[in-house]
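S.K.: Respectively, the protein sequence lines represent chains A and B.
The working numbering puts the first sequence at residues 71 to 242.
The working numbering puts the second sequence at residues 220 to 422.
By construction, these hints were calculated from the structure, which means they are not laboratory data.
Every value quoted in this text rests on a predicted model; they were computed, and no experiment measured them.
Yeah, the Cβ is synthetic: ideal placement off N, Cα and C, and Gly gets one too.
Among the clues, some could well be false.
[Claimed, not checked] Derived BS3-like pairs: lysine-lysine, alpha-carbon spacing no greater than 27 Å straight-line:
(1) A/Lys155 - A/Lys198
(2) A/Lys155 - B/Lys381
(3) A/Lys240 - A/Lys198
(4) A/Lys198 - B/Lys381
[Claimed, not checked] Some chain A residues judged to face chain B by a derived CB distance under 10 Å, without partners named:
(5) His101
(6) Leu133
(7) Phe148
(8) Ser150
(9) Pro154
(10) Phe180
(11) Ala202
(12) Ser234
(13) Gly238
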Amino acid sequence: MTRNDDIAGPWATADPNTVVVMTGEFDVAEHPQVLVTPALGSCVGVSMWDAFRRRGGIAHVMLPSPADSRVVGRPDRFASVALPKLAAAVAGDSSVRRLVAKISGGSTMFAVDGTMRGIGDRNVEEVKRQLALLRIPLLAEDTGGTHARTMELYLDTGLVVVRSYRYGIKEL
Amino acid sequence: MDPQRLSALQLDALSEVGNIGAGHAATALSQLLGTAVGVTVPRVRLLSVTEVSGVFGGPENLVGAVYSRLLGDLSGGLLFIAPRDDLLALADALRSRPVGTAKSLGADEEGLVLHAASVLQSSYISAIARLTELSLLPSPADFAFDMMGAIMQAVTAAIGMKADTAILIMTRFETEEIAVDGALFYLPDPDSLEVLLGRLGIV
Chain A
71 MTRNDDIAGP WATADPNTVV VMTGEFDVAE HPQVLVTPAL GSCVGVSMWD
121 AFRRRGGIAH VMLPSPADSR VVGRPDRFAS VALPKLAAAV AGDSSVRRLV
171 AKISGGSTMF AVDGTMRGIG DRNVEEVKRQ LALLRIPLLA EDTGGTHART
221 MELYLDTGLV VVRSYRYGIK EL
Chain B
220 MDPQRLSALQ LDALSEVGNI GAGHAATALS QLLGTAVGVT VPRVRLLSVT
270 EVSGVFGGPE NLVGAVYSRL LGDLSGGLLF IAPRDDLLAL ADALRSRPVG
320 TAKSLGADEE GLVLHAASVL QSSYISAIAR LTELSLLPSP ADFAFDMMGA
370 IMQAVTAAIG MKADTAILIM TRFETEEIAV DGALFYLPDP DSLEVLLGRL
420 GIV
């Protein structure tokens with residue numbers, strides 16, 4: 071089933087400078103590394119960047135916040151858990167105040183029923199709420215719609231590149 | 220019910236549920252196409268909700284997908300997935316024209332694929348409904364052609380709110396003459412596992 075490799079991701083090339091962030095995870099890197107998170111559907115990719123240190127991070131969040139606190143395993147798939155952790159990890163021993171954020175994703179892949187329709191929108195809403203709580207300015211976003219996206223963060227300029235099958239390449 | 224705690228017997232039972240559903244679905248598809256349709260033995264896979272984007276090649280692998288929610292006594296999802304060329308072949312076969320006629324997935328092809336996949340999904344769940352004597356309905360299906368990872372995440376998002384593990388009961392369909400190779404996933408919600416296994420008498 072892997073006949074169509076029109077958009078081969080950077081993980082296929084095993085470039086040592088590429089840091090891939092998979093679903094429900096977050097990671098931090100410094101220039102000249104590039105952060106990539108593939109296939110954002112209803113999930114939201116949140117990038118945070120420190121211009122001074124040319125350092126940044128991406129979180130690939132799947133859901134807004136845990137429905138109940140009994141959820142076991144890795145809770146980093148929730149925006150309310152991952153974003154404060156990402157901000158602390160990117161800032162390190164310096165201030166969170168220097169960080170700026172850009173987000174993408176949060177689409178509706180299938181308009182099937184009420185519970186599905188909400189998840190993309192609710193993810194974007196919760197991400198924005200968390201960024202406001204952390205006082206991290208949101209500089210740009212490419213969210214909503216019905217298509218999947220791949221997000222890249224270049225740490226020298228803070229450029230975010232969003233790739234999609236339907237709309238090609240977009241720079242934030 | 221935590222999917223990680225399922226016994227071997229319970230996993231076998233889920234595989235058998237998939238088997239019965241797939242058998243009926245294959246019959247329906249072969250009636251629709253007028254050709255023999257082969258089915259593989261269903262595989263039950265337990266995957267972390269954050270790992271599902273990796274199934275079927277890379278997360279950016281482009282696939283056509285038809286998704287329908289399961290309503291009624293059991294909640295869950297049914298997802299049909301096939302590569303682009305196979306969907307074009309399927310559309311040609313349904314229009315009784317030579318394979319290779321359709322060049323792109325336009326509105327007409329999308330409609331045909333959506334229709335065929337809905338028939339497949341409906342017969343799959345009606346077989347499960349008869350087996351378990353439960354009332355099950357498929358929601359209207361929707362079509363998407365996009366990255367595999369995003370599709371899998373969208374369909375497991377509802378499961379991710381409640382559990383760490385998603386259960387995928389996967390069957391592959393193959394037709395010899397027109398090379399349509401697709402997969403059907405049944406994703407029972409963790410809440411409804413108990414109901415399903417209860418009806419089979421092996422909670």
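S.K.: It remains to establish, for every hint, whether it holds in the given structure.
M.R.: Results of checking the hints against the structure:
1. A/Lys155 - A/Lys198: holds (15 Å)
2. A/Lys155 - B/Lys381: Within the cut-off at roughly 22 Å; holds.
3. A/Lys240 - A/Lys198: Holds. A/Lys240 to A/Lys198 sits at ~21 Å (cutoff 27 Å).
4. A/Lys198 - B/Lys381: holds (23 Å)
5. His101: With Cβ-Cβ at 24 Å, over 10 Å, it is violated.
6. Leu133: holds (5 Å)
7. Phe148: Hint on A/Phe148: holds, closest Cβ of chain B at ~9 Å, below 10 Å.
8. Ser150: This interface hint is violated because 13 Å lies over the 10 Å limit.
9. Pro154: The hint is violated - A/Pro154 has no Cβ within 10 Å of chain B, the shortest such distance being about 19 Å.
10. Phe180: Given a least distance of 4 Å, the restraint on A/Phe180 holds.
11. Ala202: With a closest approach of 23 Å, the A/Ala202 hint is violated.
12. Ser234: holds (8 Å)
13. Gly238: violated (14 Å)
In summary, the structure is inconsistent with hints 5, 8, 9, 11 and 13 from the numbered list given earlier, while agreeing with the others.
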